[in-house]
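**Q** All chains should be built: construct the whole structure from the sequences, respecting the hints.
For what it's worth, the working numbering labels the leading residue of the sequence shown as 1, then goes sequentially.
Calculated directly from the structure, the hints in this document are not laboratory data.
There may be inaccurate statements among the hints.
[Claimed, not checked] Ranges between beta-carbon positions, derived for each pair:
hint	residue 1	residue 2	range
1	P59	D21	16 to 24 Å
2	D58	D35	27 to 35 Å
3	H2	Q96	13 to 21 Å
4	E84	V55	16 to 24 Å
We put the CB at the ideal spot given by N, CA and C, even for glycine.
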Amino acid sequence: MHDVSEGGVKRALLEVTSANDCRIDVDSALIEYADGAEALDLDVLRAPTYGALIVVVDPDNSARVQDVCSELDVPASDAGVVSEGEGLYIDDERVQVGHRMAIDEVYGSFRKER
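**A** Dropping the structure here:
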């Protein structure tokens, strides 16, 4: 599991591929977006998405995870495949960098330094 906050879905998935030395292929048409998100004039997969998670499961367990989410009234999408290789591909296009959006950078600028 990985949270989808700063940097959105793209950055979170890039982090998963990097940490696990794998390739992820995503079909963005299979992602369930929040109401109105697709109408925005921006790359919604880069938008900060607080409270959302990326969950990587064995393909044999995908349906069960979706069933549990449905029972809990939690939206879930099975939108990708993890395989050997490297990199993130969304709609067959390689994603190189997970830039943060301006609103995400504003939020990040108010965090306390540790």
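**Q** None of the hints should be skipped; say for each whether it holds.
**A** Now for the hints, and whether the structure bears them out:
1. P59 to D21: 16 to 24 Å: holds, 19 Å
2. D58 to D35: 27 to 35 Å: 31 Å Cβ-Cβ, so the 27 to 35 Å window holds.
3. H2 to Q96: 13 to 21 Å: holds, 19 Å
4. E84 to V55: 16 to 24 Å: For E84 and V55 the Cβ distance comes to about 20 Å; the hint holds.
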